[in-house]
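Engineer: Heads up: the protein sequence lines correspond to chains A and B, in order. The number in my numbering is simply the position in the first sequence, starting from 1, with 1 added. The number in my numbering is simply the position in the second sequence, starting from 1, with 956 added.
Hints were generated in silico from the structure; no laboratory data involved. Accuracy of the hints is not assured; some may be wrong.
To be verified - DSSO-like cross-link-like pairs, simulated, lysine-lysine; straight-line CA separation at most 27 Å:
id: 1; chain 1: B; residue 1: K969; chain 2: B; residue 2: K1112
id: 2; chain 1: B; residue 1: K1047; chain 2: B; residue 2: K1059
id: 3; chain 1: A; residue 1: K309; chain 2: B; residue 2: K1047
id: 4; chain 1: B; residue 1: K1047; chain 2: B; residue 2: K1112
id: 5; chain 1: B; residue 1: K1167; chain 2: B; residue 2: K1059
id: 6; chain 1: B; residue 1: K1029; chain 2: B; residue 2: K1112
id: 7; chain 1: B; residue 1: K1112; chain 2: A; residue 2: K381
id: 8; chain 1: B; residue 1: K1112; chain 2: B; residue 2: K1159
id: 9; chain 1: B; residue 1: K1059; chain 2: A; residue 2: K309
These numbers come from a predicted model, not from an experiment.
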Amino acid sequence: MRLSGSTSITLRLTLLFVIASSAVLLALGFVIATAVEQHFVDLDMEVLTDRMDLTRHTLLTLQAPDDLKHIDEQSHQHHAMTGHQGLELMLIDKNRSVLYATPNARFDPELALAGAAQRPRQPMLWTVGGQTWRAIAEELPTRIGGRTSVIAATAIDTAHHQEFMRSFLQTLWLFVLVAALLTGLLGWAAARRGLAPLRAMREKAQGITAQQLSHRLAVQSVPLELAELAQSLNDMLARLEEAFRRLSDFSSDIAHELRTPVSNLMTQTQVALSRSRSADEYRSILESNAEEFERMARMISDMLLLAKAENGLVVPTRETVDLAAEVRALFDFYDALADERGLQLSLEGDGTISADRLMLRRALGNLLSNAVRHAAPNSKLRVVITSGPDAVSIAVENTGDGIAPENLARIFDRFFRVDPSRQRSSEGTGLGLAITRSIVLAHGGTICAKSTGALTTFTIELPRLA
Amino acid sequence: MIMKILIVEDEPKTGDYLKQGLAEAGFVVDLVRDGNDGLHHGLTEAYDLAILDVMLPGLDGWSVLAGIRRAGKDMPVLFLSARDHVDDRVKGLELGADDYLVKPFAFSELLARVRTLLRRGGKIKAAECLHAADVELDLMRRRVTRAGQRIDLTAKEFALLELLLRRQGEVLPRSLIASQVWDMNFDSDTNVIEVAMRRLRAKLDDNFEPKLIRTVRGMGYVLEASDCA
């Protein structure tokens, strides 16, 4: 049996078995002992009343004081008849003089007198000189020696019964003890057997490490009580696996995305250092490095934002945001760029929501920047705000090359680029849309991308929460 | 007037480069490497600004700041930290920090913020006109002339030029320009600032000499009237 931390279930069950069975056995023993005791009392009483009745009968037939010896005979006869050892008789008159007593009747005449007066023919227990008697006493009519009555007491020495009861109880308690131990043992075995599925589950769970998070506990083959636990553990494992996967994807993404710029920087710097160069050359190299570093720094801060968002650490502060005003401010920002590409920016509709203004601006900014970059020259770029009762949707539309269906699903992934050859363009970190989605999700909204032909639409839907 | 800056930074390279960079930008710089020294310097000498790292041996940046503020010193304090938690920012600001910069940061960004903080303490002249070489920007009439010729600018171009003129000789990082001119406090993926700057230069510099606006690669843009470089 293994005890871990607090008491093990097996030990607990075993103890409960022992306590329960002991209680039942003890109660049973008590009932049996009482019944046996009562049986002895009944038996004794039968003998005592028999003897008393016989004595009453004999007394009525006798006249002379000498005739009392006949009682003795009767008594002997009776002894022979019942074979009862230690049945004693005593006759006393009212002056407390003993008229007759069997040889071993060594009890106190006073007790007989009191008994006959207070509890005639009722069982009594007399203890005299270490000997315990069960006795009855009664006043019997007679004509002996001119008396009208005598007090008769019959008593049985209970030593035999006591002896029997002692050994009976001893056996009984021994039996109870053994039975309790046995049930304990059986209970332990039953508990162990009953808990076998739990142990099997533990062994299975022990086998699960960070590398094998895909393992699951069997839900079908375990008992009903454990199925829910197994299911909960499995759900927990699924969540862990997902978190682990995200974490490891995250690390490998970072490593992968940083590898190229770091390698470029290293090579460039080492080549520069390999021989002496003019100040202008050094300057140019340092400038190029500075640009690359800046991009990496931006990527790191973007990645951190994403990591925080994925772990639910991005908590938007809420204020009322006028969406049309935000979009106009962003149009202002991208105005020069759009103008250069001959794009026409237009805004339709308006609406207000409760949101984090800075985050929302960033999310929309990324969408617009994306649209401006991918719009065909001299095309139209539309932002449409639709205000519903519970939610507001913002759609950003541009005409361009469109996005292939297989890429649409992945467009919000980190570092996903539709055109891999654009990967190292100095423009972006490839995190813009991922950040937009994180911000939208942190606001409890949804985002989707749609592309039909040349028209690409990104739609954000945000709850109002006013 | 020479400005004196205290830097408390335990990371050796960061400390050295901050000191060098700020010294070359014309500041007098004291660099100490742990919190206790930092607090001691902050209390015994007069500085115009302190730059504190949050994680420091001995005494952390929060405690140094708290100690300085307890002693009644109200110089501006700028925090540097590798940790970007809102709680950290809030804590810093509650303790009386004036700004908070997360590593990695562009040196030009730091320099710009340091200058902003130092300016905040001084008196800002409510200038009506800004000048550089033969450029004149009239804030009241919102008009720009160069060599007496009127130059038409859009509202944002005007704001951009105003920023460059107000901070002549300072290299302004793109993020600062985006935030000051457009109120966009995020790093945009796109080269919006470059395009805007190109358009401004086309109007301001293309037909004139000397060229006033200069690109500092990897850092940002600067407007310099006396270009001897």
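Engineer: Which numbered conditions among the earlier hints are violated in the structure presented, ordered from lowest to highest?
Structural biologist: Numbers 1, 4, 5, 6, in rising order.
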